[in-house]
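Student: Single-letter residue listing:
There are 4 protein chains.
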Amino acid sequence: MEKIKEVAGCVVLIYDHHKRDLLNVLTDIQHDFQNVIISAQHIHLDHHNCLEIIAVKGSPIEAVKLADRLKAVKGVRHTTLSMSTTGKGLA
Amino acid sequence: MEKIKEVAGCVVLIYDHHKRDLLNVLTDIQHDFQNVIISAQHIHLDHHNCLEIIAVKGSPIEAVKLADRLKAVKGVRHTTLSMSTTGKGLA
Amino acid sequence: MEKIKEVAGCVVLIYDHHKRDLLNVLTDIQHDFQNVIISAQHIHLDHHNCLEIIAVKGSPIEAVKLADRLKAVKGVRHTTLSMSTTGKGLA
Amino acid sequence: MEKIKEVAGCVVLIYDHHKRDLLNVLTDIQHDFQNVIISAQHIHLDHHNCLEIIAVKGSPIEAVKLADRLKAVKGVRHTTLSMSTTGKGLA
Numbered sequence: 055m056e057k058i059k060e061v062a063g064c065v066v067l068i069y070d071h072h073k074r075d076l077l078n079v080l081t082d083i084q085h086d087f088q089n090v091i092i093s094a095q096h097i098h099l100d101h102h103n104c105l106e107i108i109a110v111k112g113s114p115i116e117a118v119k120l121a122d123r124l125k126a127v128k129g130v131r132h133t134t135l136s137m138s139t140t141g142k143g144l145a
Numbered sequence: 055m056e057k058i059k060e061v062a063g064c065v066v067l068i069y070d071h072h073k074r075d076l077l078n079v080l081t082d083i084q085h086d087f088q089n090v091i092i093s094a095q096h097i098h099l100d101h102h103n104c105l106e107i108i109a110v111k112g113s114p115i116e117a118v119k120l121a122d123r124l125k126a127v128k129g130v131r132h133t134t135l136s137m138s139t140t141g142k143g144l145a
Numbered sequence: 055m056e057k058i059k060e061v062a063g064c065v066v067l068i069y070d071h072h073k074r075d076l077l078n079v080l081t082d083i084q085h086d087f088q089n090v091i092i093s094a095q096h097i098h099l100d101h102h103n104c105l106e107i108i109a110v111k112g113s114p115i116e117a118v119k120l121a122d123r124l125k126a127v128k129g130v131r132h133t134t135l136s137m138s139t140t141g142k143g144l145a
Numbered sequence: 055m056e057k058i059k060e061v062a063g064c065v066v067l068i069y070d071h072h073k074r075d076l077l078n079v080l081t082d083i084q085h086d087f088q089n090v091i092i093s094a095q096h097i098h099l100d101h102h103n104c105l106e107i108i109a110v111k112g113s114p115i116e117a118v119k120l121a122d123r124l125k126a127v128k129g130v131r132h133t134t135l136s137m138s139t140t141g142k143g144l145a
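Protein chains in written order, with this note's numbering: chain L, 55 to 145; chain Y, 55 to 145; chain S, 55 to 145; chain H, 55 to 145.
Simulated from the structure, these hints should not be mistaken for laboratory data.
Warning: the hint list may mix true and false statements.
Identical copies go unnamed one by one, so any copy, or any two together, can satisfy a pair.
Claimed, not checked - Heads up, simulated DSS-like pairs for lysine-lysine below, C-alpha to C-alpha not over 25 Å straight-line: (1) K119 to K59; (2) K111 to K73; (3) K128 to K73.
The whole structure should be built from the sequences, with the hints applied where relevant.
Tutor: Right, dumping it as structure tokens:
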């Protein structure tokens, strides 16, 4: 993937927002990755669970780092990363 | 507005996510209004500030209550409510 | 508003997506305003009607132009613009 | 997957919005699947390309059908489906 400079896609999270400090930690991480995050869509699944879909665009390495950081947060039940090249950066 | 049973629109918030407990309070309120909230879009404006756009559909009274509850949270700098009838519920 | 260089907020639209060419026209306009549009949230209200919430950040003049262009499209039933300063650009 | 009654996740699409009728076809399909679609996030990647992230919640079979229908549309360059159980419907 050396020649791919730009991807677009999303990181999907499911978590229980009642877990102590979870929301603050997730938001802090996202603010550290403003270079690849466009916006996030938040859906209240039920009283406890949230579905969060973070749209990303930019460096594939940064997108993977972001997904890894979010996945490691205690209380996050599910994480997936979906990426595709945007066509830019292909030799 | 007695005969309007359903509206669609959004509540827009700007806040500093570093304020103590702000994220938890905003999320708790939103989970209490799942009957009118469809989803929320979150944009990281800069290191401190967040733009949150909550899409709503349902009772206009509930939508107003939601906006009032969010507006009253300490640390929320800006709140607007935009609603329109969806065509349903008009006599 | 001379000294305000940056605002954040959204343009809200309600329209019938079955109207001829409406979707193409709305999308073309949005691609012309990529400098102020962050992302758009689309909700299918019923078989006919769509709620579209376009998150904007940048020049207030551009945001107003965008809202005006979208409002003028035939078939758009409702348009509102909600903006707030982000704190940048204030003297 | 017989016992899983509810999943949450998203369908991710990348497409060129200039392709004839593409937007109408994609929107028509989405309106046929209102039972599983919560909302869709649309990002204008460049003058041609769009990233669309459709948040889904409900029957896993319906979510797969939706992804299949969208994937088959001429002009769609990339489709992924990401799903997770919400905890409901597990025996």
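Student: Now, for every hint given, state plainly whether the structure supports it.
Tutor: Results of checking the hints against the structure:
When the C-alpha separation of K119 and K59 is checked against a cutoff of 25 Å, the pair qualifies only within one copy, where the shortest distance is 15 Å, while the shortest distance between copies is 32 Å. Taking the shortest Cα distances, K111 and K73 sit within 25 Å of each other only across copies (22 Å), while inside one copy they are farther apart (29 Å). When the C-alpha separation of K128 and K73 is checked against a cutoff of 25 Å, the pair qualifies both within a copy, at 8 Å, and between copies, at 22 Å.
When the structure is compared with the earlier hints, no violation turns up for any of them.
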